[in-house]
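Colleague: All residue numbers in the sequence shown are consecutive under my numbering, ending with 1148.
Since the hints were derived computationally from the structure, they do not count as laboratory data.
Not one of these hints is a red herring.
Label pairs and their in silico Cβ distance ranges:
(1) 979 to 837: 29 to 35 Å
(2) 1000 to 779: 38 to 44 Å
(3) 720 to 894: 37 to 43 Å
(4) 734 to 821: 32 to 38 Å
(5) 1006 to 691: 53 to 59 Å
Here are the simulated EDC-like cross-link-like pairs (lysine to aspartate or glutamate), alpha carbons at most 20 Å apart as the crow flies:
(6) 818 to 800
(7) 747 to 833
(8) 607 to 677
(9) 955 to 991
Where a beta carbon is used, it is the ideal one built from N, C-alpha and C, also for glycine.
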Amino acid sequence: MQENQPAKKDAEIRKEKIRAKYQSAIPDDIDIIPATPQENFFEDEKEKRVAFYVRVSTDDPRQTSSFELQKGHYTEMLNRHKNWKLVDIYADEGISGTSLKHRDAFVKMIADCKAGRIDLIVTKSVSRFARNVVDCIGYVRQLAAMQPPVGVFFEMESIYTLNDSSEMSLSFMSTLAQEESHIKSRVANDSIEKRFRRGIFLTPPLLGYDQDEDGNLVINPEEAKTVRLIFFMYLYGCTCRQIAEMLTSLKRRTKKGNTEWAPGSILQILQNERHCGDILARKTWTPSYLDHLPRKNRNNHNQYTRKDNHEAIVSRDDFIAVQRLISNAKYGNKGILPELKVITEGALKGFVSINPRWAAFSADDYRIASESVYEETDKPESKPLEVEAQSGDFDLRGFEVTRSQFFDTARKLCVTLSTDNIWFSTECIRKFKKELYVEMLVHPHEHLLAVRPCAKECRNAVRWAKINEANYNPRDISGAAYLSTLYEIFGWNTELRYRVRGVRRQKDNESVVIFDMRDTEIFIPDMAAESYFNDDIRPVYANPKNTVVAFPPSWAGNFGNNYYRHSQARELAAIDKDGMWNVAVEGQSYNDKPDINVTNTEIISRSIKQMISDMEQRGADDGNGI
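Assemble the whole structure, with the sequences as input and the hints as a guide.
Modeller: Put into structure tokens, the structure is as follows:
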């Protein structure tokens, strides 16, 4: 304790010296240079270059009065301040304040500030300047940091941003303004939802239609001719670009009165169901009230539809045909209406042919097509296997045949699938005597995939091999158009890859490879992805590519299929049933909507020629002043 006494005494001495230093008078040899007084908006008399910012959030005619009143108010305000020199009145009309998108006047005003043309911005309120907190505070700070600084005065809140005490008030008010926009957005969405539930739909301007006094769509005869020409030309095989060029040359007018057409506008017209008399509401939605960017409604909100809501310009059958053409155009299948083909007889009865470029069909379409070839009593169904050992034969019940998946995949028939592509092993190609083209078929009920050789000219042919110095090697087959549908049919996880072993059968000169898609190996992308392991998947081992190979739980606790089950495996039973064969039989077209009656090609051709001729004549008459 005594050792600490000197240290305490030294500390007290230092404290006394500090107190004496700060209590002494200001030395006579110190001169004070006064700072420039902080600018006070209400007392400042310096000349200023002033900009006024005006905004109304909608382009409703009723808002025009507010818009003009604001401009008139600022003109009077300018006259009251003799030291103010007007730079400009920057005005955005019909624009939301939650983002800077399309706020051209605001952007121009900020650019003029950066160029040193403005000293002061005056606006009605924080909400007029910006309803987004980040934008509001960010721009105020940016303007204040300029040399010389630019201030913003908000009239209603009496906030001047060059005052040191302004930021807290501004932050609070801008937060309120943003939340007000949020509430308005929720109220608007709720109002729209209630209107749609009662069948009261929004009717924006649409080519081919006008609106009566009740807001109902009624056909505009002259515009309807343009719509019919667009649909018929697309059904005839023309692209959106070709149609746009034709309409531009004919000087046909868009809904806004322009004579220049773009391919995107053509596509929008082709995809609008209102042209066939139907209506689908809430096709898009806006996730954020701040950026107002629409997103496609993928079951995020309720959708509402009504058929025959108004008079149609094109038939519903032609509209459906056009949608299928559009769905498949991006996969290189332009100008051809897709169709399902199902095998109606032989060993492959019930199998549906897969076209690698067709995306227009769903899993249910494949199932219905497959079931259509069976009588009610003939539909495929899984039956328990009955085994009876014959006299003199070995009774092999209880014995199991080892699964081929437990052995090396070299020289094995197998196929690997992901949602992007499909790949057949080299052995598959060798078994088909190095055929370059094959046709793939699926049996949705039995979960079987069949592959058979075919000619290049076959409509559903796919090239599965490539030649390299006389060697035939597997080729990746792109599957963006159809593989997601196969995944749905087989009940697979779209995030994983699957590998399936196959069996080959040949009779005379006809051969086919069958894959049982219920007996799969599963490739999981990361060893740590334990979330994939459940009652449906069990891990086996990791391979060098950081993937895990897993197996179905039905494999656990056994070495393989029992002997009799293996000898009558599903993929073999499908081929050998009742001694049927004929695996080369062609598929028959199946239409799941027999009432569809697309306009005949000859009628379409004649109609196109007649409509173009009439439009050219009308253009010539207009040019002559008739």
